[in-house]
Amino acid sequence: GESVGLHLPTLSVQEGDNSIINCAYSNSASDYFIWYKQESGKGPQFIIDIRSNMDKRQGQRVTVLLNKTVKHLSLQIAATQPGDSAVYFCAENMEGTYKYIFGTGTRLKVLA
Amino acid sequence: EAQVTQNPRYLITVTGKKLTVTCSQNMNHEYMSWYRQDPGLGLRQIYYSMNVEVTDKGDVPEGYKVSRKEKRNFPLILESPSPNQTSLYFCASSLRQGKWAFFGQGTRLTVV
Numbered sequence: 001g002e003s004v005g006l007h008l009p010t011l012s013v014q015e016g017d018n019s020i021i022n023c024a025y026s027n028s029a030s031d032y033f034i035w036y037k038q039e040s041g042k043g044p045q046f047i048i049d050i051r052s053n054m055d056k057r058q059g060q061r062v063t064v065l066l067n068k069t070v071k072h073l074s075l076q077i078a079a080t081q082p083g084d085s086a087v088y089f090c091a092e093n094m095e096g097t098y099k100y101i102f103g104t105g106t107r108l109k110v111l112a
Numbered sequence: 001e002a003q004v005t006q007n008p009r010y011l012i013t014v015t016g017k018k019l020t021v022t023c024s025q026n027m028n029h030e031y032m033s034w035y036r037q038d039p040g041l042g043l044r045q046i047y048y049s050m051n052v053e054v055t056d057k058g059d060v061p062e063g064y065k066v067s068r069k070e071k072r073n074f075p076l077i078l079e080s081p082s083p084n085q086t087s088l089y090f091c092a093s094s095l096r097q098g099k100w101a102f103f104g105q106g107t108r109l110t111v112v
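Chains as they are written, first to last, in our numbering: chain A, 1 to 112; chain B, 1 to 112.
Just chain A, same shape as in the assembly (with noise of 0.2 Å):
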């Protein structure tokens, strides 16, 4: 598969736990949030978004969470399963604005 990351940050989780993946952003004015799932020899496959006016949003088996304050997006999955295993990152946008700032990425494990 692709390597897009030879040296990203690993997170590895029993498969049935609950994973939190963590991104810091840049931009204290970036108001829009996204997250992404990449898969080895895959595109990014958006999985959830989130507005500056939102702390929390849910969607099925994960919840994002952002901290304005210390500008920290979280992604938590919950009842992690194998298919979960994938390279996550974050992407921040400011609103009205065409550009993009995507994040380097986690390495999800998910271990049987």
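There could be a bad hint or two in this list.
[Unchecked claim] Quick list of in silico lysine-lysine cross-link-like pairs, BS3-like style, CA-CA up to 30 Å: (1) K99/A / K65/B; (2) K68/A / K109/A; (3) K17/B / K71/B; (4) K42/A / K99/B; (5) K68/A / K71/B; (6) K17/B / K57/B; (7) K56/A / K65/B; (8) K65/B / K42/A; (9) K69/B / K71/A; (10) K56/A / K68/A; (11) K71/B / K109/A; (12) K68/A / K99/A; (13) K42/A / K69/B; (14) K69/B / K57/B; (15) K57/B / K56/A; (16) K57/B / K18/B; (17) K71/A / K42/A; (18) K99/B / K57/B; (19) K17/B / K42/A; (20) K17/B / K69/B; (21) K56/A / K99/A; (22) K109/A / K99/B; (23) K99/A / K71/A; (24) K71/A / K71/B; (25) K68/A / K69/B; (26) K65/B / K18/B; (27) K18/B / K42/A; (28) K18/B / K109/A; (29) K57/B / K42/A; (30) K56/A / K99/B; (31) K99/A / K69/B; (32) K99/A / K42/A.
Don't read these hints as lab results, they were simulated from the structure.
On the provided structure of chain A, position chain B as indicated by the hints.
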């Protein structure tokens, strides 16, 4: 099935030989974009397009050209490829500005 299709998936070429990477989406999206992904770096935007015949530079446009003659296609052109353009390239499309929800499978380009 909603998808973004890139071709080719893999390409090895020599310095200076013009090449085109095609991108096509079947969702009637107005917004399309090209990114490159390099180890240790997040996705970086090369060019984007807001509609037919409307394109603009992203963060790393040097050495690249694009065109948007029809809504579904957004080819990336390297007039004179150089080794520093060796990278993994992704095309993305979006129904609305910035919510890059659909990515292609990627094109691994090697310039020797």
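So, going through the hints one by one against the coordinates:
The hinted pair formed by K99/A and K65/B meets the criterion: a straight-line CA distance of about 18 Å does not exceed 30 Å. Restraint check for K68/A and K109/A: satisfied, since their Cα atoms lie roughly 28 Å apart, inside the 30 Å limit. Under the criterion of a C-alpha separation no larger than 30 Å, the hint pairing K17/B with K71/B is consistent with the structure, at around 27 Å. For the given pair, K42/A sits about 19 Å from K99/B by alpha-carbon distance, which is consistent with the 30 Å threshold.
A hinted pair counts as satisfied when its Cα atoms are at most 30 Å apart, and K68/A with K71/B does not qualify at roughly 37 Å. About 23 Å separates the Cα atoms of K17/B and K57/B, which keeps this hinted pair within 30 Å; it holds. The suggested pairing of K56/A with K65/B is violated, with an alpha-carbon distance near 39 Å, which exceeds 30 Å. In summary, the hint linking K65/B to K42/A is supported, as the alpha carbons are separated by about 24 Å, within the 30 Å threshold.
Our distance criterion of 30 Å between C-alpha atoms is broken by K69/B and K71/A, whose separation comes to about 40 Å. The hinted pair formed by K56/A and K68/A meets the criterion: a straight-line CA distance of about 11 Å does not exceed 30 Å. Among the hinted pairs, K71/B with K109/A is inconsistent with the structure: their alpha-carbon atoms are about 39 Å apart, more than 30 Å. About 19 Å separates the Cα atoms of K68/A and K99/A, which keeps this hinted pair within 30 Å; it holds.
Between K42/A and K69/B the CA atoms are separated by roughly 27 Å; this keeps the pair inside 30 Å, and the hint holds. Taking the CA atoms of K69/B and K57/B, the gap is near 17 Å; set against the 30 Å cutoff, the hint holds. At most 30 Å may separate the alpha-carbon atoms for a hinted pair to count; K57/B and K56/A exceed this at roughly 33 Å. As the CA atoms of K57/B and K18/B are separated by approximately 20 Å, the hinted pair is consistent with the 30 Å bound.
With a C-alpha separation of about 29 Å, the suggested pairing of K71/A with K42/A holds against the 30 Å cut-off. The suggested pairing of K99/B with K57/B holds, with an alpha-carbon distance near 18 Å, which does not exceed 30 Å. Distance restraint check for K17/B and K42/A: the Cα-Cα separation of roughly 27 Å lies within the 30 Å cut-off, and the hinted pair is therefore satisfied. Taking the CA atoms of K17/B and K69/B, the gap is about 23 Å. The hint holds against a cut of 30 Å.
Taking the CA atoms of K56/A and K99/A, the gap is near 23 Å; set against the 30 Å cutoff, the hint holds. Our distance criterion of 30 Å between C-alpha atoms is met by K109/A and K99/B, whose separation comes to about 27 Å. A C-alpha spacing of about 18 Å is found between K99/A and K71/A, which places the hinted pair at or below 30 Å, so the restraint holds. Using a Cα cut-off of 30 Å, the hinted pair K71/A and K71/B is violated, with the two alpha carbons roughly 37 Å apart.
A distance of roughly 41 Å separates the Cα atoms of K68/A and K69/B; the hinted pair therefore is violated under the 30 Å criterion. Note on K65/B and K18/B: the hinted pairing holds, with a Cα-Cα distance of about 11 Å set against a maximum of 30 Å. Between the alpha carbons of K18/B and K42/A the distance comes to roughly 26 Å, so the proposed pair stays at or under 30 Å and holds. The straight-line distance between the Cα atoms of K18/B and K109/A is roughly 40 Å, outside the 30 Å bound, and the hint therefore fails.
As the CA atoms of K57/B and K42/A are separated by approximately 25 Å, the hinted pair is consistent with the 30 Å bound. At most 30 Å may separate the alpha-carbon atoms for a hinted pair to count; K56/A and K99/B meet this at roughly 18 Å. Restraint check: the Cα-Cα separation between K99/A and K69/B comes to about 23 Å, which is no more than 30 Å; the hinted pair holds. For the hint linking K99/A to K42/A, the alpha-carbon distance of about 23 Å falls within 30 Å, and the restraint holds.
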